[in-house]
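Chemist: Could you slot chain B onto chain A? The hints should help.
Protein sequences appear in the order of chains A and B. Position one of the first sequence corresponds to residue 3 (the working numbering), numbered consecutively onward. Position one of the second sequence corresponds to residue 4 (the working numbering), numbered consecutively onward.
Because the hints were derived from the structure by calculation, they are not lab data. Just so it is clear, CB atoms sit at the ideal spot from N, CA and C, and this is done for glycine as well. Keep in mind that a hint or two might mislead.
[Stated by the list, open to error] Pulled a few chain B residues facing chain A out of the computed Cβ check, cut under 8 Å: (1) 23; (2) 24; (3) 28; (4) 33.
[Claimed, not checked] Listing some non-contacts, in silico: residues in chain B with all C-beta distances to chain A over 10 Å: (5) 26; (6) 48; (7) 78; (8) 88; (9) 92; (10) 94; (11) 101; (12) 112; (13) 120; (14) 138; (15) 140; (16) 143; (17) 150.
Listed below, chain by chain, are the residues.
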Amino acid sequence: MTELLRRVGARTLEGLRGVGEAVLLVARILRAAPVVALRPRLLIEQLYAVGVQSMVIILVSALFIGMVLGLQGYYTLSDFGAIEAVGTMVALSLVRELGPVVTALLFAGRAGSSLTAEVGLMKATEQLSSMEMMAVDPERRILAPRFFAALLAVPLLTAVFSVIGILGGYLVTVGMIGIDGGPFWSNMQNAVTIRGDILNGVIKSVAFGFLAGWIALHKGYMAEPTSSGVSRATTLGVVHASLAVLGLDFLLTALMFE
Amino acid sequence: MNQRLVEIGVGLFVVAGLAALLVLALQVSGLAELRQGAGYHVTAKFENVGSLREQAPVSMAGVRIGRVEAIELDPTSHRATVRMRIKARYDSIPADSTAAIYTAGLLGEQYVGIQPGWENEHLGDGDRVTDTQSAMVLERLLGQFLTNIQE
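This is chain A alone, in the form it adopts within the complex (with noise of 0.2 Å):
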C-alpha cells in the first residue's frame, strides 16, 4: 500500500520535473532569440529541413482533405438544397479547425520527430556535450534556431494547407460536380471573416507551432542518451506533441469563437 503510494507520488513528482524543466528550457530558448537573429544563416538552414521538407507532404494531404471535405459537404447539403453553402463550409472547417491542426499534426510528425532524433542524437553520441567543451552553448547553437524555425514555418504551412485545401474543394464541387462557381465563392466570402477567422487560424497556428517544436526540442535535448532513450523520446515526442496540439486546439477554440 506504502509501496503503491511512493510510487504515485514518485510518478507524479517526475512529471511535475518534467514540465518544470520543459518551461525553464524554452524560456531560455526564447532569450535566445537576438543570437538567432544575429546569425540567420543558421536559421534559414533549419527553415529549410523543417519548412521547405515538409511542403510536400502538407500539398497532398491538403488538396486530398480539402476534396473530401467538398465531396462530403455536397452530399449532406444537397439533402436540405443547400448546396450554395459547400465553400463557406470548406473554408470555414479549413481556415478554423482543420488547416491549424492537421498542419501541425502532421509537422509534428515529420519535422519534429526528425527534431527529436537528430538533437537527442547528438546528445547520445556526445556532440553537444563537446560543443559545451568549446564554450559553444547548444541551446543557443542547435535548440534556439530549431524552434524558431518550427515556429515560423508552421504559420506558413498552415496558410498554404487551408488555400491548397479549399482549392480541393473547389475542384471537385465546381470542377467535378458541377455546381456553380460564383456562389461558392461568395458565400464564402460572405462567411468568412478577416479578423474571427482568420487572424483566430493564424494565431492558432503560431501557438501549434510552438508546441510542437518546443515539444520536440524538449524531447530530444533530454532524451536518455542510448539508441533506445532515442528512439523512446521520438516517440513520445510525436505523441505528446499531437495531444498538445488537440488538447490546446479545443481550449482555444472555446476561447476564440461564440
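Modeler: Here is chain B on its own, set in the frame of chain A:
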C-alpha cells in the same frame, strides 16, 4: 546540399506562405470587397433582425450594394438599429426606399434588401431608412398560422 539551393528553397517557401495568407485574406474572406473604394452609412431600425449578422450583404434588386456594419439595440425604443455601409457608386437610392430583412434560400444567410422608392431625393451619409420590415421569424409565423387554424 548546395547553400544557394537551400536559400532559394527557403525564399520560395516563405513567399508561398505569405502569398497563401494574402489569398486567405483577399479571396477567402472577401476583404478586398470591403476595402473597395469609399462608401456612406445609412441606418435603419427594425422590430426584429432575426439572425442577421454583421458583414451580411445589403442588396437591391438582387445586386449587392453594401454590407451591414453594426447591429445594436436602441435603448429607448427597444428596436434594433442596423448600420449599413453602401458603396459610394450607388449614391442615387431614393430617400423613401424601404428596407427589409430576407433569407437567402430556405436555410441561407439573412440579408437586408432595399426596395427603391419614388422620391427624387437620394439617401446620403447618416440618413435613416424609416420604412422597414422585420425578419421573418419562423416560430412567430407558425404561431400565427396555428391561431388562425383554431379560429
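Chemist: Just double-check residue 150 (chain B) for me: nearest Cβ-Cβ distance to chain A has to come out over 10 Å.
Modeler: holds, 29 Å
Chemist: The output says residue 78 (chain B) does not contact chain A. Does that hold with a beta carbon cutoff of 10 Å?
Modeler: holds, 22 Å
Chemist: Determine whether the non-interface label on residue 48 (chain B) survives the test: each CB of chain A must be over 10 Å from its CB.
Modeler: holds, 23 Å
Chemist: Min Cβ distance, residue 28 (chain B) to chain A: is it shorter than 8 Å?
Modeler: holds, 6 Å
Chemist: Report holds if the minimum CB distance from residue 88 (chain B) to chain A is greater than 10 Å, and violated otherwise.
Modeler: holds, 14 Å
Chemist: Beyond 10 Å from chain A, beta-carbon-wise, is residue 94 (chain B)?
Modeler: Correct as stated: the minimum Cβ-Cβ distance to chain A is 23 Å, above 10 Å.
Chemist: Since residue 143 (chain B) was said not to touch the interface, does its Cβ keep a gap of more than 10 Å from each Cβ of chain A?
Modeler: Nearest chain A Cβ is 22 Å from residue 143 (chain B), so the label holds.
Chemist: Just checking, residue 101 (chain B) versus chain A, shortest CB gap more than 10 Å?
Modeler: holds, 23 Å
Chemist: Beyond 10 Å on every Cβ pair: is that true for residue 138 (chain B) relative to chain A?
Modeler: holds, 17 Å
Chemist: Determine whether the non-interface label on residue 26 (chain B) survives the test: each CB of chain A must be over 10 Å from its CB.
Modeler: Incorrect as stated: the minimum Cβ-Cβ distance to chain A is 5 Å, not above 10 Å.
Chemist: Can we keep the residue 23 (chain B) interface hint, with Cβ of chain A closer than 8 Å?
Modeler: holds, 4 Å
Chemist: Holds or violated: the hint that residue 33 (chain B) contacts chain A, with Cβ atoms closer than 8 Å.
Modeler: This hint holds: residue 33 (chain B) lies near chain A, its Cβ roughly 3 Å from the closest one there, short of 8 Å.
Hints 5 and 12 from the earlier list are contradicted by this structure; the remaining hints agree with it.
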